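Student: In the order they appear, the protein sequences are chains R and W. Counting from 1, one number per residue, gives the positions in the first sequence under the working numbering. Counting from 1001, one number per residue, gives the positions in the second sequence under the working numbering.
The hints are simulated quantities; they were obtained by calculation from the structure and are not laboratory data. Just so you know, these numbers come straight off a predicted model, no measurement behind them. Glycine included, every Cβ here is placed at the ideal spot set by N, Cα and C. Where hints are given, some of them may not hold.
Short, incomplete list of chain R residues facing chain W, as computed with Cβ under 10 Å [unchecked claim]:
id : residue
1  : Arg60
2  : Ala117
3  : Trp120
4  : Glu133
Label pairs and their calculated CB-CB ranges [as the list claims (entries may be wrong)]:
id : chain 1 : residue 1 : chain 2 : residue 2 : range
5  : W       : Arg1051   : R       : Trp145    : 20 to 28 Å
6  : R       : Arg99     : W       : Ala1016   : 42 to 50 Å
7  : R       : Thr46     : W       : Gly1042   : 45 to 53 Å
8  : W       : Gly1063   : R       : Asp24     : 43 to 51 Å
Stretch by stretch, here's where chain W covers chain R in the computed footprint (C-beta under 8 Å, at least three residues) [claimed, not checked]:
id : stretch
9  : 10-20
10 : 95-107
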Amino acid sequence: MIANIHIQNEDFDLGDEVEALSGDGTGAVATFIGLVRGDDGLTALTLEHYPGMTEREIARIAQEAQTRWPLSGITIIHRVGRLAVGERIVLVAVGAAHRGSAFEACQFLMDYLKTRAPFWKQEERDGTVDWVEARDSDDAAADRWRKA
Amino acid sequence: MNVLYFAWVRQKVGRAEETIEHTPALRTVGDLAAMLSARGGGYAEAFSDMRRLRAAVNQVHVGLDAILAAGDEVAFFPPVTGG
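Between the sequences and the hints, there should be enough to build the whole structure, so can you do that?
Tutor: Below is the structure:
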């Protein structure tokens, strides 16, 4: 199984992506969508990334997920560029025979993507633009998947 | 070596990439960061606190002790904030 990984400016269609993961051996598709949240007067985000490394790092994360859970498909789409409040940022969709693997792998992929994939966000508020600081809580979320 | 900068590191140093010749003095990523910091100005600002920076060599996350070689692609950037 080869993970389907896209870094793009354009939006994506959830229905199309779920359909693409639905095959005879797939009994469950778990999806996560991240949106631009309009709190504290935020009006837009601008995302940049490290072309080349981003795709490789996400592929590594997807490979790791496949060694941990029996999966039938993985689709990860991450948007870059300027995104207004309410717009979709990221999709992680996982197909598996059963829901447990699909749910867990989806969360694992998202937690690792947050801490490993080289994306950076700028926030726009009242005409000012600031870089988003990384959060310790994201590191903690990824750390809990470490094998003892 | 091709050295790349992203996010506020790029803004502080004022460029997205540059070519830096690999020399014996630049044994590790930390050596390269120290050399860049010593340039002063925006470089000193960007590299003043290495705890705020992350690095990659040939598109793989590494620590400051990673060994450099001629032809490497080295990148400096803040902790990632995607998703």
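Student: Using a Cβ cutoff of 8 Å, are there at least 3 residues of the stretch 95-107 of chain R near chain W, or does the coverage claim fail?
Tutor: The restraint on the stretch 95-107 of chain R is violated, since only 0 of its residues have a Cβ under 8 Å from chain W and three are required.
Student: Would the hint on R/Glu133 be counted as holding, given a Cβ-Cβ threshold of 10 Å to chain W?
Tutor: holds (7 Å)
Student: Given R/Ala117 as an interface hint, is the shortest Cβ-Cβ distance to chain W below 10 Å?
Tutor: At about 5 Å, which falls below the 10 Å cut-off, the nearest Cβ of chain W leaves the hint on R/Ala117 intact, so it holds.
Student: The stretch 10-20 of chain R covered by chain W? Criterion: 3 or more residues, Cβ-Cβ distance below 8 Å.
Tutor: With 0 residues close enough to chain W, the hint is violated.
Student: Within 20 to 28 Å or not, the Cβ separation of W/Arg1051 and R/Trp145?
Tutor: holds (24 Å)
Student: Would you say the C-beta atoms of W/Gly1063 and R/Asp24 sit inside 43 to 51 Å of each other?
Tutor: Holds: the Cβ-Cβ distance is about 45 Å, inside 43 to 51 Å.
Student: Should the hint that R/Arg60 touches chain W count as held when the rule is a Cβ pair under 10 Å?
Tutor: Where the cut-off is 10 Å and the nearest Cβ of chain W is about 9 Å from R/Arg60, the hint holds.
Student: Taking 42 to 50 Å as the stated bounds, is the beta-carbon spacing between R/Arg99 and W/Ala1016 within them?
Tutor: The hinted range 42 to 50 Å holds for R/Arg99 and W/Ala1016, with Cβ atoms some 44 Å apart.
Student: Can you let me know if the beta-carbon spacing of R/Thr46 and W/Gly1042 is within 45 to 53 Å?
Tutor: Since the Cβ atoms of R/Thr46 and W/Gly1042 sit about 21 Å apart, the hinted range of 45 to 53 Å is violated.
Student: Answer holds if the nearest beta-carbon of chain W is closer than 10 Å to that of R/Trp120; otherwise answer violated.
Tutor: holds (4 Å)
The earlier numbered hints that this structure contradicts are 7, 9, 10.
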